[in-house]
Amino acid sequence: MKVAIAGGHGKIALLLARQLTAAGHEAVSLIRKPEQSDDVRATGATPAVLDLEHSTATQVAETLTGCDAAVFAAGAGPGSTIERKWAVDRDAAVLLAAGAQLAGAYRFVVVSSMGAGEGDPDSDDVFQVYLAAKGQADDAVRESGLDWTIVRPGGLTDDPGTGRVAVGDHVGRGTIPRADVAAVLVAVLEAPSTARTTFELIGGDVPIDEALASLPPGPPV
1 MKVAIAGGHG
11 KIALLLARQL
21 TAAGHEAVSL
31 IRKPEQSDDV
41 RATGATPAVL
51 DLEHSTATQV
61 AETLTGCDAA
71 VFAAGAGPGS
81 TIERKWAVDR
91 DAAVLLAAGA
101 QLAGAYRFVV
111 VSSMGAGEGD
121 PDSDDVFQVY
131 LAAKGQADDA
141 VRESGLDWTI
151 VRPGGLTDDP
161 GTGRVAVGDH
171 VGRGTIPRAD
181 VAAVLVAVLE
191 APSTARTTFE
201 LIGGDVPIDE
211 ALASLPPGPP
221 V
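For the sequence shown, the working numbering assigns the number 1 to the initial residue and increments by one for each residue that follows.
Hints in this document: simulated from the structure, not taken from any laboratory. Don't take each hint at face value.
[Unchecked claim] Keeping only pairs whose Cα atoms sit at most 20 Å apart, straight-line, the calculated DMTMM-like set for lysine to aspartate or glutamate is:
hint : residue 1 : residue 2
1    : K11       : D38
2    : K33       : E62
3    : K33       : D51
4    : K2        : D147
5    : K2        : D68
6    : K11       : D159
7    : K11       : E35
8    : K2        : E26
9    : K11       : E26
10   : K2        : E62
11   : K11       : D39
12   : K33       : E53
13   : K11       : D147
14   : K11       : D51
15   : K2        : E190
[What the hints assert, rightly or not] Have a look at the derived ranges for each label pair, beta carbon to beta carbon:
hint : residue 1 : residue 2 : range
16   : E62       : D159      : 23 to 31 Å
17   : E62       : T162      : 20 to 28 Å
18   : P220      : D39       : 25 to 33 Å
Quick reminder that beta carbons are idealized off the backbone N, C-alpha and C, glycines included.
Given these sequences and hints, build the entire structure.
This is the structure we're talking about:
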């Protein structure tokens with residue numbers, strides 16, 4: 001499988017690229033800055049310079065040519081403005097979905113957030129807007145013609161992965177190592193049964209494949 005990863009220089013994306021290539025897949029990591037290319041190549045992935053804040057769906061589709069799947073792992077990041085929450089956490093996700101559809105990369109996975117959709121879009125609080133933007137992006141992806149999966153992790157840590165998680169509609173507050181989020185994304189891409197599902201994700205006691213197998217299947221196309 002050839003997988004495009006948006007936000008390719010982010011912590012989860014770099015872990016994901018390394019895990020995908022180790023599993024025998026091909027990864028193309030979308031980055032904004034050419035100087036990030038060496039970090040991407042070190043994971044085994046191929047860098048592709050593309051700024052989702054200043055691109056068209058056609059340009060995205062051209063970059064995704066030949067890809068089977070796409071993962072949205074981008075984010076405006078801590079300290080960013082309200083405007084960038086909308087521009088990256090919502091608009092860039094919607095743009096990637098449009099480009100993926102044009103390119104025929106129909107398997108589409110979103111790294112969302114626990115609490116997505118619960119924020120106040122009119123708030124002056126950046127985190128409230130972040131949750132609102134994530135929720136609106138998730139809604140737009142669900143309305144696309146893609147085989148989507150929306151993963152909503154809890155608090156992210158840099159602890160070593162355990163390979164064990166808790167998943168479900170509502171799993172309660174908790175944290176999860178980024179390495180385990182990446183491992184879940186790989187497993188989701190390899191599990192067609194997770195298409196058209198949305199689930200929360202935190203660290204837990206159940207092996208990843210077993211946890212994903214426990215999810216109810218998404219609705220048929």
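Structure-based check of each hint:
1. Of the pairs offered as hints, the one joining K11 and D38 holds, with about 15 Å between alpha carbons and a cut-off of 20 Å not exceeded.
2. Of the supplied pair hints, the one linking K33 and E62 holds, its CA atoms being roughly 18 Å apart against a limit of 20 Å.
3. Proximity of K33 to D51 is assessed by CA-CA distance (about 8 Å); at most 20 Å being required, the pair is judged to hold.
4. A threshold of 20 Å between alpha carbons decides the hint, and for K2 with D147 the separation of about 15 Å falls inside it, so the pair holds.
5. For the hint linking K2 to D68, the alpha-carbon distance of about 5 Å falls within 20 Å, and the restraint holds.
6. Between K11 and D159 the CA atoms are separated by roughly 12 Å; this keeps the pair inside 20 Å, and the hint holds.
7. Taken as a hint, the K11 and E35 pair is honoured in the structure, with Cα atoms around 16 Å apart against an allowance of 20 Å.
8. In summary, the hint linking K2 to E26 is supported, as the alpha carbons are separated by about 5 Å, within the 20 Å threshold.
9. Between K11 and E26, the direct Cα distance comes to roughly 18 Å. Compliance with the 20 Å bound is thereby established for this hinted pair.
10. At roughly 14 Å between alpha-carbon atoms, K2 and E62 fall within 20 Å of each other, so this suggested pair holds.
11. For the hint pairing K11 with D39, the CA-to-CA distance comes to about 11 Å; that is within 20 Å, so the pair holds.
12. Between K33 and E53 the alpha-carbon distance is near 13 Å, which keeps this suggested pair within the 20 Å criterion.
13. With a CA separation close to 25 Å, the supplied pair K11 and D147 exceeds the 20 Å bound.
14. Distance hint between K11 and D51 is fulfilled; the C-alpha atoms sit about 18 Å from each other, no more than 20 Å.
15. Proposed proximity of K2 and E190 is supported: the alpha carbons are some 12 Å apart, at most 20 Å.
16. In this structure the supplied range 23 to 31 Å is violated for E62 paired with D159, their Cβ-Cβ distance being about 38 Å.
17. E62 and T162 have their C-beta atoms about 39 Å apart, which leaves the hinted 20 to 28 Å range violated.
18. Taking the beta carbon of each, P220 and D39 are about 40 Å apart, not inside 25 to 33 Å as hinted.
Against the hints set out earlier in the document, violations occur for numbers 13, 16, 17 and 18.
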